[in-house]
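From first to last, the protein sequence lines are chains V and D. Just so we're aligned: 104 in this note's numbering is position 104 of the first sequence, and the numbers increase by one with no gaps anywhere. Just so we're aligned: 398 in this note's numbering is position 398 of the second sequence, and the numbers increase by one with no gaps anywhere.
Check the hints yourself; a few may be wrong.
Unchecked claim - Covered, in the sense of this in silico footprint (three residues per stretch, anywhere, with C-beta under 8 Å from a C-beta of chain V), are these stretches of chain D:
#1 42-52
#2 707-720
#3 754-760
#4 925-938
By construction, these hints were calculated from the structure, which means they are not laboratory data. Ideal Cβ positions, reconstructed from N, Cα and C, are used throughout, including at glycine.
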Amino acid sequence: MNKEKPSYPIFTEDMKKDYTILVPTMIPLQIGLLTAVMRRYGYNTKMLENSGSGVIERGLKYVHNDICYPAQLVIGQLMEAVESGEYDTDKLALLITQTGGGCRASNYIHLLRRALATAGYGHIPVISLNFSSIEKGAAFKMTPSILYQMMQAVLYGDLLMSLKNQTRPYTRDVDQLDAVIEKWMEKLEAELLHGKISRRRVRQNYRCILRDFSAIPRTGEARRLRVGIVGEIFVKFSPLGNNNLEEFLVKEGAEVVLPGFFDFCFYCVYNSLVDRRLYGTNALVAAVYRIVYRLMLSRQKEIIRIMKKESDYMPPTPFDHTATLSDGFLDNGMKMGEGWLLTAEMVELIESGVESIVCAQPFGCLPNHIAGKGMMKPMKEKYKNVNIVAIDYDSGASRINQENRIKLMLANARDVAGQKEKGATIPEKEKTPV
Amino acid sequence: MHQQIAVSLGVDVGSTTAKLVIYEDGCRVYEKYERHLSQVRQKCLEMLSDAAPYLAGKRLKIAFSGSAGLGLAEALAIPFVQEVYATGETVKRLAPDTSAVVELGGEDAKVIFFEGGTDERMNGTCAGGTGAFIDQMATLLDLTPEEMDSLSLKHERLYPIASRCGVFAKTDIQPLLNQGARKEDLAASIYQAVVNQTIAGLAQGRKIAGKVMFLGGPLYYNYGLRERFVKTLKLSPEEAIFPAYGLYAVAIGAAMYAEGQGAEFGYEELLEKLDAARAVKRVASAIPPLFENEADYEAFLARHNRATVKTASIADYRGDAYLGIDCGSTTTKLVLMSESREILYTYYNSNRGNPVQIVREQLEQIYSLCGDRIRICGSTVTGYGEDLILHAFRLDHGIVETMAHFTAARYFDPNVDFILDIGGQDIKCFKIADGAIDSIMLNEACSSGCGSFIETFARSMGYDTPTFARLALFAKAPVSLGTRCTVFMNSSVKQAQKDGAPVSDISAGLSMSVVKNAIYKVIRATSPEALGKNVVVQGGTFLNDAVLRSFERELGRNVTRPTIAGLMGAYGAALYAQSQSKGASTILTPDELSAFTHTAQAVTCNKCTNHCQLTVNSFGGGKKYVSGNKCERGAGIPADAIRALPNLHQYKRDLLAALPQKSGTRGRIGLPLALGMYELLPLWHALFTELGFEVVTSGFSSRELYAKGQYSIPSDTACYPAKLMHGHIETLIDRRVDYIFYPSLTYNVIEGEMDNHYNCPVVAYYSELLKSNMDSLDPDRFLYPYLNINDPRILARGLRRALSQKGIAVSVGEMRSAVAAGFAAYHAHMESIRREGERAVAEARAQGKRVMILAGRPYHIDPEIGHGIDKLASSLGFVVVSEDSVAHLGHAGKVGVLNQWTYHARLDNAAAFAAENPDVELVQLVSFGCGIDAITTDAVHGILQRRGKLYTQIKIDEITNLGAVKIRLRSLLGALAEREAKHE
């Protein structure tokens, strides 16, 4: 077998000019902004919006059914788009993330290539979006400047997502909230695409965003029960993956707290530093990662500072603190999937007063056996009032089962929070039933 | 003005039943419990109407609860309370001194602990049903739930039955049934499985003790189940409470909740609302009806009725005849065939848990019909019960079912290139190329939602199977139910019920699910072309026209369904009997048959550590047949006859077992022989021995060892090898070691060219889970350092640090030489495995035997994980080698996936070795729940397929259904023999 040349098509430099690159939806806001950055660098990306039963049907058809649910959804979504006839398949490329970690998610790209070949689209190149220099050779280069812009996109996206979650339950006017989000998405996309991105401009944007959200009129309702969502990265964020979990929780009268996507990026960088400590990996590489880490941290702290100063919104937890939070539960060397970050985020939520947590994972998710379900017992022992429910997502799992379990968690949480109205007393006098 | 409200209602609509209670002036005045047969809205309306004497003209407060009550409450804008929460409220109010509640419902299991803050738990989505599960098992035993209950109280022994979910339990029970185990014992064992599941899955280490209240339908009605719970939890009569309101705890809690709510309704207003809700249109599903109209259906029937076999009257026929018996997992089929292949007599029915009795009755019937005119000249049996029937009635031949089906299908369509058989419990598909079976696909234990699945669903909804199937034909809007296993479909059906779907739409949806399951999960086809041009479908499930129609629609082409679709195995067996006939059959004569007796006795085999549960069938006249044995020793064959062929699994086990235990000065260190330790034991053993520790291992796994640690498993969907780890740790604790060592290894050893060399997340980090979930594991004595085993220097540093944290000082020099000794031992170990692999292959060639690479992960050689499949393969005449013993002989190169796991790379190379050698076959063992193997199986399959080799995958879990494995391996042998015959 020829080991030099891969057996699949490569995205080449001259494809940049007229190829459309389809990007699966994961976290609509963040990915939306990221595609703008990629367009700025000449990659004609388009974030997909198709959802519904066609997606999972394609997933089941083209992907091994024992593979995790996110793979089925991501590949299903891309395949549905490819087969939709909407795109010229000779001028089409697909983009998929690849973590390079010890979890099977690193192999989604190969499953996608196989799916394409099976469906007769073997000529469509697939681009790997990764930060671990796997799949070198494709004309999709992660230069420092594109990475820097991407970081900015994620910071913006997380901010919008967080403000949305903190505003949504308390506003009278959901349309107005949506309008604010839409306005900023357009503005930020345009800036990321064409504009000059100065530090001053960014800070100014943060302030304006905060001001706009703060200006949305509130109902004056008391603080709702806050429910945190942690879990496998895809089902945690994607409404497609978690049956619109956020919407369900809001409907059930909760405020959703969703630790940002930036933490996950942080986690990937941070792990390189841990690798140096545990496995003695290349010192130079670790030094570069340390610089990146510091830069990210300063940018995150900037946002925290501005949020605290300019608004009443709850800012994100600084990552250098988050990174210490899994101590006592598991080692930061547990780095597959969401790894120690998942556990740390549970503690982060609890520390900020969010004691009700949904831990979302695809059915049979390997790392979550350890970092999610495996950590619930000590978590409950350490924090008496905490209420965690693990929910498995899968093409066959029924929504009612999931929602019923979340409802139980909510009922208990309300009890603990003392929010439940006192039930009337029914003294029990046994009467023979008729 | 505020009116005094004195009436409150609680309505609990679960997955199978609806419960209603009425409180008036604080007293419970009315209660009602009924099955709703999935007509949720209708039933609620009826029950409320029936309660009119208590409610007419009154204003009342009401709350719904239960999984099927949720949708109704939403639709009616009536308060809803989560059912576990409602139970908790009831018990707190009515029996405040209760310590814990165990509540089993139709499909949910719940445990509530009251001491030290209420802790309410529900089973996860995979844990399967309870009430529905018991009903399904009763159906399987051909008993009513009441009969099963009373039989269970007369049990003498308990069989281990997988407690994970219904499908698994069924896989355990079916072979026991076919082997003739007593129903009394099985009934009790089923209850015990429910108990184990509740304790392992829900209590998860927390002890259910003190005053325990048992609630819910199954615990209210089944005394056998009560007994198992009380015995297992060791409760005194005062501690085990079975309250009179056991059925109504949720409904009572809902009534209490209603009392505290603001909303009130007039009774008549409520009835109107419910009536209106009954008529509410569901969101239309996108799935079109199976048939537009009667004419459409008639044309379909006419087309299929053309594929038929001639029949002849048994009353008139004179001459030779051939008997075929298909003793399947749930049904027994017989065909008597004439010389010119006409069908003289057929039988198709449930084997009602006793196939021997049925075959006997049928033979008597046949003999009386045949008289002197017809002579049986050949007899063949196939199917699960093959061995039992073969021995009981002294038939001429037994053939593996795949061959029987192929023989029959070829009769209908000589050009057949694809056969799909959906039977009671199995889905079997074979591709045919050049007139021989090319590849065989069988459903895994997990997805056996086949014929018996529709049957039990039909029964649970109050229909017989044909009526249920007929309803589906003209269903207006079939529901989409997913393609996972039974458990998931149960909850999908629940969802559909919640949405108000009528039975017809559910029935149509189920038939589509069965089809999709077969196509996408078992065959994994992507297009109709992938299946073949001439598809023959068979098996009892395809007699269901809804299933057949769904299949054709999903495929987009017509297929052949012989009119005897349910009898194809038996017909194929009869054809085989004819082809092999030597003029007379050895089958029992009418006289012998009338003297025939059959008794079954259960014994435990003590000839090796497997301790198989044997069933000894006696047929009178000293004739015996032993089943349930994993190897030939159980059947009485001497050990030396079996060990003659090389078996690398055994060799590896022997190597590990032979590692010496030397006393040391630094204390006793325990190494759990599970997961990655199977690979690295020689390394750690030598290293710690060198350091002066006494190394103690936990030994091989067993069912008992599993049970010992089962209670602390937090994730019930993890793989069996991981779950066993808990038992190994307990064993080491029992052996009073000073330390327990299971390192966290993100990376495994680097072997040859790979993209990376990870361990899987479970192997890598299970230590973290053990530390956090096993109370018995003292953290001060548990060493689980993160280590780099690819750099001796860094490894030494990491180990020294880990030991010094426990107060054990080891000098740099000491540690470095220990590490060196460890690696030397490890390399010698691996080298010896490779040498033995080469020797085994050479010996196989010398003896003219086939080589089987029984490939998997290092821990698959464990006797409990591998279930003795290596011995089974040996007994079938294979020289068994392991993947790591031959991986160095093959080179896979690029495999089209990211090759980043060490174990995975070995599989690929071993597959390459099999691909290049005609006398080497590969059978891959895959643990249920192994996410990584979802990728490796495709890679291995691809490597073999490119070279035209057969690929066989065996999924293993707690289950010990060797019968199915045997069928697969024999089918493989059969296919290989046929291929060879073609070549000659």
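Right, here's what the structure says about each hint:
1. Under a criterion of three residues with beta carbons nearer than 8 Å to beta carbons of chain V, the stated coverage of the region 42-52 of chain D fails, only 0 such residues being counted.
2. Proximity of the region 707-720 of chain D to chain V, defined as three or more residues with a beta carbon under 8 Å from a beta carbon of that chain, is established by the 4 residues found.
3. For a cut-off of 8 Å, the count of residues in the region 754-760 of chain D with a CB near a CB of chain V stands at 5, and the three-residue condition holds.
4. Only residues whose beta carbon comes within less than 8 Å of a beta carbon in chain V count, and the region 925-938 of chain D has 8; three or more means the coverage holds.
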